[in-house]
Amino acid sequence: MVDEDLRTETLAALKSVRDLGDRVTNLAKERMERGFEGMYTAALTSPRMVVVVCLIVAGMLGQVGMSFQDQIDDDVEIFLPDDAESTDLLLEVREEWSTDIAIVYIRTDNAALGQGLGDNISDEAILREISWVEGDDENANAGATSRGIDWNKDDRGREDGILWILSPAQLIKEANSADGRFNNSMCKNGLQSRIPVSFDCDVPGGGAYAIPDQDRIDTLVDNLGAAFTAMVRDTNDLDPTVDSDNDGDPTNDLDGDGVWDTAAIVIGLNHDLNRTDFEDFSELLAHIQNVIDDRPSELSNTDMTVTGLTKVLEDISTEIYNDLLKMLPYSLLFTIGVITWLHRSAKVVVITGLPILMALAVTFGSTVLLDLTLTPMIVATFPSSLDSASIMPCTWSTVSKNEDGITSTRRTATTCCDDVVGRTSILFQTSGTWNCTEPACWK
Numbered sequence: 003m004v005d006e007d008l009r010t011e012t013l014a015a016l017k018s019v020r021d022l023g024d025r026v027t028n029l030a031k032e033r034m035e036r037g038f039e040g041m042y043t044a045a046l047t048s049p050r051m052v053v054v055v056c057l058i059v060a061g062m063l064g065q066v067g068m069s070f071q072d073q074i075d076d077d078v079e080i081f082l083p084d085d086a087e088s089t090d091l092l093l094e095v096r097e098e099w100s101t102d103i104a105i106v107y108i109r110t111d112n113a114a115l116g117q118g119l120g121d122n123i124s125d126e127a128i129l130r131e132i133s134w135v136e137g138d139d140e141n142a143n144a145g146a147t148s149r150g151i152d153w154n155k156d157d158r159g160r161e162d163g164i165l166w167i168l169s170p171a172q173l174i175k176e177a178n179s180a181d182g183r184f185n186n187s188m189c190k191n192g193l194q195s196r197i198p199v200s201f202d203c204d205v206p207g208g209g210a211y212a213i214p215d216q217d218r219i220d221t222l223v224d225n226l227g228a229a230f231t232a233m234v235r236d237t238n239d240l241d242p243t244v245d246s247d248n249d250g251d252p253t254n255d256l257d258g259d260g261v262w263d264t265a266a267i268v269i270g271l272n273h274d275l276n277r278t279d280f281e282d283f284s285e286l287l288a289h290i291q292n293v294i295d296d297r298p299s300e301l302s303n304t305d306m307t308v309t310g311l312t313k314v315l316e317d318i319s320t321e322i323y324n325d326l327l328k329m330l331p332y333s334l335l336f337t338i339g340v341i342t343w344l345h346r347s348a349k350v351v352v353i354t355g356l357p358i359l360m361a362l363a364v365t366f367g368s369t370v371l372l373d374l375t376l377t378p379m380i381v382a383t384f385p386s387s388l389d390s391a392s393i394m395p396c397t398w399s400t401v402s403k404n405e406d407g408i409t410s411t412r413r414t415a416t417t418c419c420d421d422v423v424g425r426t427s428i429l430f431q432t433s434g435t436w437n438c439t440e441p442a443c444w445k
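Numbering-wise, the sequence shown is residues 3 to 445 according to my numbering.
Simulated from the structure, these hints should not be mistaken for laboratory data. Warning: the hint list may mix true and false statements.
What the hints assert, rightly or not - Label-pair distances were calculated between CB atoms; the ranges are: (1) 69 <-> 277: 20 to 26 Å; (2) 62 <-> 87: 56 to 62 Å; (3) 75 <-> 17: 23 to 29 Å; (4) 59 <-> 9: 56 to 62 Å; (5) 10 <-> 59: 54 to 60 Å; (6) 227 <-> 75: 39 to 45 Å.
Beta carbons are placed, not taken as given, at the ideal position from N, Cα and C, and that holds for glycine.
Put together the whole structure using the sequences plus the hints.
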């Protein structure tokens, strides 16, 4: 009996707790509903104030969103599926190796002159020019744009953003300084580690990490063999009147005039630029271009152009943004024209277009504030968002107050129903009837 009484009391207590929870929940729900109803009522009774507040918020976010170009990401993985094997492999490889490549394309005047005239890539002056852009022992302590792009050879790209460089000049510098670095390494890691005597390991002999004289260059080029010749090209036609490749066109042969006229500086970029002076690849590529433009007059004998996959992707993003700015006025004019033609009223343009413009301002402003990433493909669809205004409904709410409270009545700016239905049938070759007395389009 005692157990039964205890059980009954427990059930009663649990029921009381459930009832109390239900009452609290219902009370909170009622207050929330009353709050929303109050907000809705206030919005209906003060539509102008609501519009003003929305315009102010949209205007502020739109001002912030003017810099949404900075949110456009032009990394190569943006163009790959998120969960694809190729994307995962790219990210894994990037942890240890550079997958972001820039190229400085180099041409001497022989590329245009031909006939064996002009400069050769293997000339001392040309190699010194390329080496100056890369950075070597001779300009290591110069200014920001005069010390080369890879001014710190031991930082693994943590300071200058450059992981490695491959070029004809780099091969010559490595070969020229190999014996000196070998002697220094033998002194430090050989003699000093085995003999308890301190030596000055900066021993004379051995070349510097710089371009030597022409005789030394010729010797190194011969020793390097295919390693050097694989990085230079002779793009001229030895004799434009002879079809040496037997393809029927004597003007497209690349049998050469004996002068290497084209080369490249291949640059491995550090993907993590947090500890460098550059915010992103666009700033790093601009710095490379500034170094090229800052060459002394005596080292400006070649044409150098910054290119490569990273540069191309950046240019694509920039051009999409610029094209968007060019297309935007035409898209606005087209949308206004279509809406005016369909609805035969200029004020419908404001009624349907203003909410869309406000929504776009809020969208792009929020994107910048939340630091979200935009892809070039998303930005390219922006004009179509404006064109969607032509199919927005042409109704708005007006409020009338009677003795029973607030009553919302839907009305149209023009004869929305008859006009839109009729013109839509003509435009899209559709047939059928529309009940214009339905609430979807009250007159």
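Item to check | Consistency of beta-carbon spacing, residue 277 to residue 69, with hint 20 to 26 Å | outcome: holds (24 Å)
Checklist entry - Cβ-Cβ distance between residue 75 and residue 17: within 23 to 29 Å? => result Violated, at about 58 Å.
Item to check | C-beta pair residue 62, residue 87: status relative to the range 56 to 62 Å that was hinted | outcome: Check failed, 44 Å falls outside 56 to 62 Å.
Checklist entry - How does the Cβ-Cβ distance of residue 10 and residue 59 compare with 54 to 60 Å: does it lie in that range? => result holds (59 Å)
Checklist entry - Taking the CB of residue 227 and the CB of residue 75, does the distance hold inside 39 to 45 Å? => result This hint holds: roughly 43 Å between Cβ atoms.
Checklist entry - Cβ-Cβ distance between residue 59 and residue 9: within 56 to 62 Å? => result holds (59 Å)
Of the hints listed earlier, those the structure fails to meet are numbers 2 and 3, in rising order.
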